[in-house]
Amino acid sequence: MEIAGVGERMARWRVCRSCDFWLTCLGYRALGDQDPDGRRVLRADGRHYMT
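Under the working numbering, the sequence shown has 905 at position 20, and the numbering climbs by one with no breaks.
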């Protein structure tokens with residue numbers, strides 16, 4: 886399953902899918918674990934989820 890914008894972001898930052906994932910997690914943490922559209926980021930046992 887492709888997620889909108891992931892390929893563009895990976896090309897812009899020149900990172901692999903794994904690095905993109907971790908950079909995204911750090912970005913959400915810096916934003917208070919909330920997406921601009923209101924979704925929340927949850928972490929449980931080292932796994933990251935979007936509501």
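Take these hints with a grain of salt, some might be off.
[Unchecked claim] Simulated restraints on C-beta separations:
hint, residue 1, residue 2, range
1, D930, R897, 30 to 36 Å
2, R897, P921, 15 to 21 Å
3, R899, D930, 17 to 23 Å
4, A896, L916, 20 to 26 Å
5, G931, A896, 25 to 31 Å
6, D930, A896, 20 to 26 Å
7, A896, R925, 14 to 20 Å
8, G917, V891, 17 to 23 Å
9, V891, A915, 16 to 22 Å
Since the hints were made in silico from the structure, they are not lab data. Treat the numbers as computed from the prediction; the structure is a model and nothing was measured. Think of the CB as a built atom: it goes at the ideal place given N, C-alpha and C, for glycine as much as any other residue.
Now the hints, each set against the structure:
Distance hint check for D930 and R897: the Cβ-Cβ separation is about 31 Å, which falls inside the suggested range of 30 to 36 Å. For the hinted restraint 15 to 21 Å between R897 and P921, the CB-CB distance of approximately 18 Å keeps it satisfied. Between R899 and D930, the C-beta spacing of about 31 Å breaks the proposed range 17 to 23 Å. With their beta carbons about 22 Å apart, A896 and L916 fall inside the hinted range of 20 to 26 Å.
Restraint check, G931 to A896: a C-beta distance of roughly 28 Å satisfies the suggested window 25 to 31 Å. Hint check: D930 to A896, Cβ distance near 32 Å, so the stated range 20 to 26 Å is violated. Look at A896 against R925: about 28 Å separates their beta carbons, and that is not inside 14 to 20 Å. A C-beta distance of roughly 22 Å is found between G917 and V891, which places it inside the suggested range of 17 to 23 Å.
As the Cβ distance of V891 to A915 is approximately 19 Å, the hint placing it in 16 to 22 Å holds.
Consistency note: the structure conflicts with the earlier hints numbered 3, 6 and 7.
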